[in-house]
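Trainee: Each chain, written out:
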Amino acid sequence: MNYWVVIGVSFCYLALLFGLAWWAERRSAAGRSLVSNPYIYALSMAVYCTAWTYYGSVGRAATSGMEYLAIYIGPTLMAPLWWVVLRKIIRICKVQRITTIADFISSRYGKHVTLGSIVTIICVLGIIPYISIQLKAIASSLTILTGKVSETEVFPDTSFFIAIGLGLFTIVYGTRHLEATERHEGMVTAIAFESVLKLVVFIVAGLFVTYGVFNGFGDIMQQAAQLPDFEELITVNNDGNYSQWFWMVVLSMLAILFLPRQFQVAVVENVNELHLNKAMWLFPLYLFAINIFVLPIALGGNLLFADATIDADLYVLAIPLSEGQSILSLLIYLGGFSAATSMVIVSVIALSVMMSNNLIMPVLVSVPAIKNRYSNKLTLILVNSRRFCILLVLVLAYLYYKYVAEYYSLVEVGLVSFAAVAQFAPAIIGGIFWKEGTRYGALAGTIVGAILWFYTLVVPSMVGVGMLPETILNDGPFGITLLKPFELFGLQGMDYISHAMFWSMFLNVGLYIGVSLLTRQTSQERNQAEVFVDIFKYSTIFESSIVWKGTAYIPDIKSLLVNFLGKRRAETAMKAYHRKYPGPIDETGKADPKLVTYAEKLLAGVIGTSSARIMVSSVVKEEEISIDEVLNILKESQQLISINNELRRKSMELRKATEQLRTANERLKHTDELKDEFLSTVTHELRTPLTSIRALSEILYDNPGMEREDQEHFLHTIVKEAERLTRLITQVLDLERFDSGKQRLHLQPLQIKDVISESVDALKQLVQEKNIDLVVDVQQNLPDVLGDRDRLIQVMVNLISNAIKFCNPEQGRIIVSGYFIDGDVKVNVADNGKGIAPDMQKQIFDKFYQAHNQNLLKPEGSGLGLAISKRIIETHQGRIWVESEPGKGSRFSFVLPAKVAAAAT
Amino acid sequence: MKKQNEKLKVLVVDDAPSILLPLEFMMRKNGYDVFVARNGTEAIESVNKELPQVVILDIMMPDVDGYEVCQYIRSKKEMEGAKVIFLTAKSKDVDIQKGYEVGADLYVTKPFSPRYLLEKIQELTEG
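Going line by line, the protein sequences match chains A and B. For the first sequence, UniProt numbering begins at 1 and goes up steadily by one. For the second sequence, UniProt numbering begins at 1 and goes up steadily by one.
Everything labelled a hint here was simulated from the structure, so no lab data went into it. Computed from a predicted structure; not experimentally measured. Among the hints, a few may not be true.
In silico DSS-like cross-links for lysine-lysine, where the CA-CA straight-line distance does not exceed 30 angstroms [unchecked claim]:
1) 669(A) x 9(B)
2) 675(A) x 567(A)
3) 675(A) x 98(B)
4) 601(A) x 590(A)
5) 76(B) x 9(B)
6) 92(B) x 675(A)
7) 720(A) x 29(B)
8) 669(A) x 29(B)
9) 377(A) x 278(A)
10) 435(A) x 567(A)
11) 575(A) x 601(A)
12) 567(A) x 94(A)
13) 753(A) x 764(A)
14) 720(A) x 92(B)
So that you can see chain A by itself, here it is in the shape it has in the complex (with noise of 0.2 angstroms):
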């Protein structure tokens, strides 16, 4: 394929890739943001597929076997785990406005210059192979494309080319906005679609080699059978080299939080916490899908090129091409590009933005002569230095490429990166989990990590190239054989990879945590230490709770971020603060220790937070704060959101208790109304027997020559009368008693025949007048109840004197039954009189129903008998109810429980 065609489409690809990011921010600034979805936010944390898993992964599958697999399982298992963990690491950097990784490690232990400059230095040594193994895959992918062999010993190589090309190109994309916290969401897009080609692209790929080139799946496996070190390659390793997985998927466990592009897409360009839910879910997903062919173009690469000598590295792209398929081929290529550039624009961006705000900003900041010189060109200072930055580490990568990486596979260098980044995380998960971490233990840790790293890692890198003596592999550095790089102090048995991170992390942790323990932090420290652990407590009032006490005077700090942030943004920023904290604004006067946090923070998004610290602390008076009052000043913070939230809730129960209290009160008045109206029922029941034998009595005192049977007629009226209310007074005194539950019962077991059979005796005399036909039936061998005898007699009197007066005149028939139901004793008592009415069947229970209801004859009684009856057999737990057929009569009913052992009997 001509060489010009492949850099042309190259640079189309990236001039594409420009044009969406362009259009994305664009969108953006629209206010229809792309990026804030969590799709997207999935997809650009597959920026983690680079390279190295495009091409990389096929010829480990090809060499090693399934051990390509354990840089996803880490992944994988990580990613549940981000909730707890990145999800924390996410809110702290949103909150303190933190930028890179080694703005997050100094920040946390006191805003520590040297100490951001170590993890600087890490990163970039550390990813510098890693961006150079990139270099290289584009490279070689265009040789194998084009047939043109890199001149090797030319200086401007293609690859360097292609190196300054992303480089201006990163320079144009990543530069363009000062702020790092500022998110690219331009960038993000286009990793997004990025990550969407590269997926598509291999798996159309693997389809291709699997169902166009062989038949499928089976056919594949079938064929590989027959090659000679097949079962190896697709069984797991057993000859005792488990701790290899252990250590990759540790490895990658740690790599997917911790390098740099990682936490540039996850961490810093993350929109919104949430879209943590679906990634946690989406990227393993994404991860799962990019392996599945990559064993069958391995297998498949192995049995066509079983006598060339081609880079297994390059079996995605060769397989096509050896078939003809240029358009496939070509593809393909980009589909690598894609995964090539992504990760050098991330990792470039971030690099630049740490070493810019952790080794040459605290230069710049804190030497007085520069600062007081170029203090108005700081802006174009600091924008220059990242585009320096950024070439910079372009150029150092291609010269690894040219010099180391050239020997090395691209796992085995991606491999040596992935251990330095773990030399961060003791630092970051004690940091944001274990309150007394110090700087001193981070540091202890950290250097002393990075330079076993480098001892047991790089160091017989540049052996392997020549840059030293081979001796030092062999006998070990001046012949001291314990401080052989791969067994050092004697440890054998271990791959290299294995060896080198198990002394790092051994010493880094076992370091971090030991002089942590034998170290004091400082109030700054304790502060930030606070804020990372407990950050779901303090994000919310962080710029309420202010740990700093000193003078500084506005004007001052004005001119700060006017210098680092431009006239134009300082006076925006300072209007969003005084929209936030209402209040008199003295222009000249002293700043308010919010302010001064505020500008911190502002400062922090541009420059970082150790040169924010040192460019603040340059025009504050500060004084030292003790520790006790860091703690003191972070609870009372605590404690008034505390309170707040106590007086919600106060106020809630207060308002609730309001209810409730004019709930109480309607029914209390509602119940005061129904004993006005109770009371109005009483007397007025009471005054007419009253007025009847008042006026009785009358009469016959004053006529004394009444004839004797008026007079028998008179007296025989007042006796009833009298008789009358005092029924009257003994049922509503009854009634009163039920009603306030002073009632007692007297409880004994009875059988329910007698009460009845007592109840009849007492009326018989009114039901032979009346010439009514009584029936009563009752079941023989019913069970026991509990009941109170005479109050039992006292509802069934009631009920039978009912059946008599509203029984059929003529022809009147009372049928008393008895009998055992469901567990109850039931009892009926069934009239054939003119019935009730539906509507009135439950009211008839209600006190002085008659008297409300006059329409109803009212021969005798109080109106109470009913009300008394219910409020008695529901004391006795159990229920009374009527059903009628009007003109036919009514039956009513009670039922009350068995005595169940009784029953049994």
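Mind docking chain B on chain A? Use the hints.
Mentor: Relative to chain A, chain B alone:
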């Protein structure tokens, strides 16, 4: 006391037999022509039929209450000049006021003195 040819017609209305008993006895003994009604409907029938000069009215009765019966009497031309006396257990001020508003000549609360009631009725019919 009264001349026989001027025998006055009295309608006594109450739903309680035990109250009708002394009223009926007292009025008859004192020379009135007594009619009895047990509820509002009966009262109106009796008014139409007998055109009594005196009506003694309970208020709380089934169907038509005493106030309505009184209003009916007051609206009836033939009943002009008839005396209406409420005899009731309702003793609140508002009830009494309402009684006079609907056109009562006298309002007596229960329990009552037959002697006093009789005197009042005589005063009303003679004056």
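Trainee: State for each hint whether it applies.
Mentor: A quick look at each hint next to the structure:
Between residue 669(A) and residue 9(B) the CA atoms are separated by roughly 48 angstroms; this puts the pair beyond 30 angstroms, and the hint is violated. In summary, the hint linking residue 675(A) to residue 567(A) is not supported, as the alpha carbons are separated by about 79 angstroms, beyond the 30 angstroms threshold. A hinted pair counts as satisfied when its Cα atoms are at most 30 angstroms apart, and residue 675(A) with residue 98(B) qualifies at roughly 24 angstroms. Proposed proximity of residue 601(A) and residue 590(A) is supported: the alpha carbons are some 19 angstroms apart, at most 30 angstroms.
Proposed proximity of residue 76(B) and residue 9(B) is supported: the alpha carbons are some 17 angstroms apart, at most 30 angstroms. Distance hint between residue 92(B) and residue 675(A) is fulfilled; the C-alpha atoms sit about 17 angstroms from each other, no more than 30 angstroms. Distance check on the hinted pair: residue 720(A) and residue 29(B) sit about 24 angstroms apart at the alpha-carbon level, within 30 angstroms; holds. For the suggested pair residue 669(A) and residue 29(B), the alpha carbons sit about 50 angstroms apart, so the restraint of at most 30 angstroms is broken.
At most 30 angstroms may separate the alpha-carbon atoms for a hinted pair to count; residue 377(A) and residue 278(A) exceed this at roughly 43 angstroms. Taken as a hint, the residue 435(A) and residue 567(A) pair is broken in the structure, with Cα atoms around 39 angstroms apart against an allowance of 30 angstroms. In summary, the hint linking residue 575(A) to residue 601(A) is supported, as the alpha carbons are separated by about 16 angstroms, within the 30 angstroms threshold. At roughly 24 angstroms between alpha-carbon atoms, residue 567(A) and residue 94(A) fall within 30 angstroms of each other, so this suggested pair holds.
Distance restraint check for residue 753(A) and residue 764(A): the Cα-Cα separation of roughly 16 angstroms lies within the 30 angstroms cut-off, and the hinted pair is therefore satisfied. Between residue 720(A) and residue 92(B) the CA atoms are separated by roughly 28 angstroms; this keeps the pair inside 30 angstroms, and the hint holds.
The structure does not agree with the numbered hints 1, 2, 8, 9 and 10 stated previously, though it agrees with the rest.
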